[in-house]
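With chain S held as given, fit chain W onto it using these hints.
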Amino acid sequence: KNEVEQSPQNLTAQEGEFITINCSYSVGISALHWLQQHPGGGIVSLFMLSSGKKKHGRLIATINIQEKHSSLHITASHPRDSAVYICAVRSTSGNTPLVFGKGTRLSVIA
Amino acid sequence: ETGVTQSPTHLIKTRGQQVTLRCSSQSGHNTVSWYQQALGQGPQFIFQYYREEENGRGNFPPRFSGLQFPNYSSELNVNALELDDSALYLCASSQGTVFLYGYTFGSGTRLTVV
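Chains S and W supply the protein sequences, listed in that same order.
For the first sequence, the working numbering gives the first residue as 1, with consecutive numbering after it.
For the second sequence, the working numbering gives the first residue as 111, with consecutive numbering after it.
These are calculated hints, taken from the structure and not from any lab test.
Glycine residues also receive a C-beta, built at the ideal position from the N, C-alpha and C atoms.
One or more hints might be untrue.
[Stated by the list, open to error] List time: in silico DMTMM-like cross-link candidates among lysine to aspartate or glutamate, alpha-carbon distance up to 25 Å:
1. S:K102 to S:E17
2. S:K102 to W:D194
3. S:K102 to W:E192
4. W:K123 to W:E192
5. S:K55 to S:E17
6. S:K55 to S:D81
7. S:K53 to S:E3
8. S:K102 to W:D195
9. S:K53 to S:D81
[To be verified] Coverage of chain W stretches by chain S, computed from C-beta distances (three or more under 8 Å per stretch; other residues unrestricted):
10. 148–162
11. 215–221
[To be verified] Taking CB as the label site, the calculated pair distances span:
12. W:G150 to S:G52: 29 to 39 Å
13. S:N2 to W:D194: 18 to 28 Å
14. W:H120 to S:P79: 22 to 32 Å
15. W:E162 to S:A110: 43 to 53 Å
16. W:R161 to S:A76: 20 to 30 Å
17. S:H38 to W:D194: 20 to 30 Å
18. S:I60 to W:G150: 23 to 33 Å
Same shape as in the complex, but just chain W:
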C-alpha cells in the first residue's frame, strides 16, 4: 500500500508566473483535498475533489484551480502568483467524503514566490 506522494518537494517561482503541483493519492482512496500552510500557521482548506469533481472549496480566489484524474491523482494550479502564495501546499487523500477512515497526508510542496 503506497502513501500520498507530492511533487515537486520544493519550487521557486517569480511573481506573476503560474505553477502546477501534483499529488498521487493513496491506493484505494478516491477523495483528495488540498491545503495551504503559511509559516507558523495551521493548514487552510483550498478545495476538495471526489471522483474527478470539485465538491468543496475554501476561501481562495479562482486563480487557485484543480483537477482530479481517473486514477484519482490530482493537480493544484495557481495562476498569477503573488508573494503571499509562498507556503507549504499539502494534499490529503481519503476514502469517500464521510471521512470515517481518516486521512493520509503527503509531505507537501514548499513553494517560494520571489
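Same shape as in the complex, but just chain S:
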C-alpha cells in the first residue's frame, strides 16, 4: 500500500463545476503539498499545509491531521485547470524529502 493515496485517479468535469480531489496518507507528516503538473512535466507548487485551510483564488486546500486526509477544491472550474494534481507529504520519519501520490488527472471540458 502506498504511503500517499489519491482519489480519483482520473476526473472529467464540465466547465464551471466544483471539483474535489482527495489525498490520504498513512505516515506522520510535518507538511503536505499540493502540486500541479501540466503536460510536458513542469510542476508548480500550489499549497503547503500543516494544518487548517488555505485559499488562493479559486483553489482551496484543507487538511485534517487527525484523520490524515487532505482535499483540494477548485471552484468554477475552467479548461485551463486541466492538469495532473499531485499530493505530496513531508514525512517525519525517514530521510525522504517528499513522498508523492500518483496524481489525479483532471480534464475540464468547455
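Below, chain W alone, put in the same frame as chain S:
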C-alpha cells in the same frame, strides 16, 4: 528571482550508455533534490544535496549518483543505462532542509533509453 532550470529538456540514449542531467537552483536556495517520474506515476525520490553533501537517498542503485556545486547547481549522473530508466527526471530546490518554505520545481528532463 530566477526559477529552477533543467537541461536538457529531452534526451535519447542507448542502453548501457551514461547520462548527465543538470539543474540550476533558484536563487537563494542551497538544497536540491532529484526525483524520477515514470509514466503515469508520481515522482520517486532519488537523492538530496545540501551544501554540496548528499544528505538523503531513496531506493535507487549506486549507478545513480550526483553532485552539487558551490553555486548550488547540481548534476544527476546515471551509468549503465537500462530501459527502465526512461522517465521524467525532476529537480527541486529549497532553502535549508527543514522545508518550511516549500519547493521550486524545474520542468524536468525527459530521458528515453532505447
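Here is what the structure says about each hint:
1. S:K102 to S:E17: holds (23 Å)
2. S:K102 to W:D194: holds (18 Å)
3. S:K102 to W:E192: Within the cut-off at roughly 23 Å; holds.
4. W:K123 to W:E192: holds (10 Å)
5. S:K55 to S:E17: OK: S:K55 and S:E17 at ~18 Å, within 25 Å.
6. S:K55 to S:D81: Satisfied, since the Cα-Cα distance of roughly 16 Å is no more than 25 Å.
7. S:K53 to S:E3: Between S:K53 and S:E3 the Cα gap is close to 22 Å, so the pair holds against 25 Å.
8. S:K102 to W:D195: Between S:K102 and W:D195 the Cα gap is close to 18 Å, so the pair holds against 25 Å.
9. S:K53 to S:D81: holds (20 Å)
10. 148–162: holds (count 7)
11. 215–221: holds (count 5)
12. W:G150 to S:G52: 29 to 39 Å: holds (32 Å)
13. S:N2 to W:D194: 18 to 28 Å: For S:N2 and W:D194 the Cβ distance comes to about 19 Å; the hint holds.
14. W:H120 to S:P79: 22 to 32 Å: Because 26 Å falls inside the window, the suggested range holds.
15. W:E162 to S:A110: 43 to 53 Å: Distance hint for W:E162, S:A110 holds at roughly 49 Å.
16. W:R161 to S:A76: 20 to 30 Å: At 44 Å between Cβs, range violated.
17. S:H38 to W:D194: 20 to 30 Å: holds (25 Å)
18. S:I60 to W:G150: 23 to 33 Å: holds (27 Å)
Hint 16 alone, counting from the list given before, is not met by this structure.
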